[in-house]
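> Given next are the chains, with one letter for each unit.
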Amino acid sequence: MKSTSALLLLALLVSGCTGAQSILNAEGHAAIELKELILWIICVCAVVWLLVMIALVSALVRQRDPDGGAISERKAAVAISGAVGATVLVITGLTITSFYTTRALSEASPAELTIDVTAQQWWWQFTYVDANPTRAFVTANELHIPVGKVARLRLKSSDVIHSFWVPSLAGKRDLIAGRENMLTLRAERPGIYRGQCAEFCGLQHSHMALFVIAEAQADYERWAERQRGVGAEPTEAEAVAGKAVFMAKQCAACHTIRGTKASGTTGPDLTHVGSRRTIAAGLLEITRGSLAAWIADPQTLKPGNNMPLVPLTGDELRQLAAYMESLR
Amino acid sequence: MMPGKVLNVSVAHLSATVLLFSLLVGLSALIGLERQPRQFRTDPPVAAALNQLRLMPSGIGGAPPEIYFALDRPYEASAYDLSQGKRLYSWFGCASCHGDGRGGAGPSLLDGWWSYGPSVVAIAASIRDGRPRGMPAFHNRMTTDQIWQLAGYVKTIGAYSASLAAPSRNDDKHTRPAENRAPAAILFHEDLPAQPRSEQGPPP
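First to last, the protein sequences are chains A and B.
Throughout, the working numbering is defined as the position within the first sequence, counted from one, plus 1.
Throughout, the working numbering is defined as the position within the second sequence, counted from one, plus 994.
By construction, these hints were calculated from the structure, which means they are not laboratory data.
If you're wondering where the values come from, they're calculated on a predicted model, not measured in any experiment.
Hints are supplied without guarantee of correctness; some may be wrong.
[As the list claims (entries may be wrong)] DSBU-like cross-link-like pairs, simulated, lysine-lysine; straight-line CA separation at most 35 Å:
(1) 150/A to 36/A
(2) 262/A to 1167/B
(3) 157/A to 76/A
(4) 173/A to 1167/B
(5) 262/A to 250/A
(6) 1167/B to 157/A
(7) 173/A to 36/A
(8) 150/A to 173/A
(9) 157/A to 36/A
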């Protein structure tokens, strides 16, 4: 029984090391710097702790002078000044290391791309800024960046305070309504990195995840080119009907599908929703079934979110899900 | 004079006060735990029933559907629904015509003059079906639940009496008194009769 609970506790602790969303699985420039700093601090502190323990234990086991002779003033002075000197040395050393790490976090090289991140209850909007406005595009909850390139994120919030945190790539940075914060990302290896809002922002704070997908430059370019395009025209009969449902119902008032007359801006841009991995900020993997489930009853899957329950017939629901899936 | 007895009495007083104080603290903590329940999901049959607005033949004034009373007038009394209404007020662009509630291209919502009556059902009908002279219909843009949330909120903007339920605070600068502080009564003198504005047309 005891060993079972110990095992369970161990499993719980070790589950933090799976790497899905862990600072120990550092793959970004800033995250690697931070990980090295914290490992260095842990090592130094471990040595200090060990030395203090040795000193304490040796003081306990040491045979006292049976004559009760007082310690000489000189000996005490040496011990105390030695300890103070060591403390000052260690703290100064850690401060300097910390300073240099912090300085290394900010990228010296100019950013290759700029992305506006707008956090809102409870999802992320990403606007890929371009000098040519026709090449700018908007997506949600999934950020693609080229490996080894510096991406500059301009962080904003449209309601409460949120915090952008992708532990494998960089430290946290708050998104505050009415001001703009900056964060640079540079992934050293391709991969899919999970991120999460790290500042309690209301009821569905825990369901406010995002994915950063770092890929080779060519793959990134291909993805971006596709995202710039308008929403795919459905071919399947069910999806064609779904498009008509989307335009006739309340959907189009809040969501944009570029290339159609749906141009609402309060909900996520759905132009290429079928190409994303998850729906509702990491809540469900995107399949035709999960899309239908989400549209049918968003308030049961993610209570309190701002997508209303739009009454639909079974047929309309199937058609709408088919259309959403076809928007790749 | 017996100092010992005096001391005993004051100790008894003190402990009684402490006991009473901690009881009060405990009681208020208990009350503080009580939270207004939030209704996030309106069952489709309830929403359908809420959509049965009973208007007067003239379209001015009317009675809310029976279910509105069965639900205990949720959209006027629940802080959550009022907050959502406030969100919808900005999301659906009400401010582009009605401003912060004092009007602009559209009529004011807090000068005490309601072209179609001050009842919440008339406001809901105005939002759902639109009105002549520029008010668009929102029934194909908002769900029934949202229309009621917005109607409940609009009613608080023009309130002449203070309300216990309040929506969340403004993120931007306040340009008129907060919704639960009877903005209409604060902004306009109650003893002066409200003057209909020319663009509102003749009184019905």
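> Each hint: holds or not?
Against the structure, the hints come out as follows:
Between the alpha carbons of residue 150/A and residue 36/A the distance comes to roughly 20 Å, so the proposed pair stays at or under 35 Å and holds. With a C-alpha separation of about 34 Å, the suggested pairing of residue 262/A with residue 1167/B holds against the 35 Å cut-off. The hinted pair formed by residue 157/A and residue 76/A fails the criterion: a straight-line CA distance of about 60 Å is larger than 35 Å. As the CA atoms of residue 173/A and residue 1167/B are separated by approximately 29 Å, the hinted pair is consistent with the 35 Å bound.
Our distance criterion of 35 Å between C-alpha atoms is met by residue 262/A and residue 250/A, whose separation comes to about 12 Å. For a cut-off of 35 Å, the pair hint linking residue 1167/B to residue 157/A stands: about 19 Å separates their Cα positions. Taking the CA atoms of residue 173/A and residue 36/A, the gap is near 14 Å; set against the 35 Å cutoff, the hint holds. Distance restraint check for residue 150/A and residue 173/A: the Cα-Cα separation of roughly 19 Å lies within the 35 Å cut-off, and the hinted pair is therefore satisfied.
Simply put, residue 157/A and residue 36/A have alpha-carbon atoms about 27 Å apart, close enough for the 35 Å limit, and the pair holds.
Violated hint: 3 only; the structure is consistent with all others.
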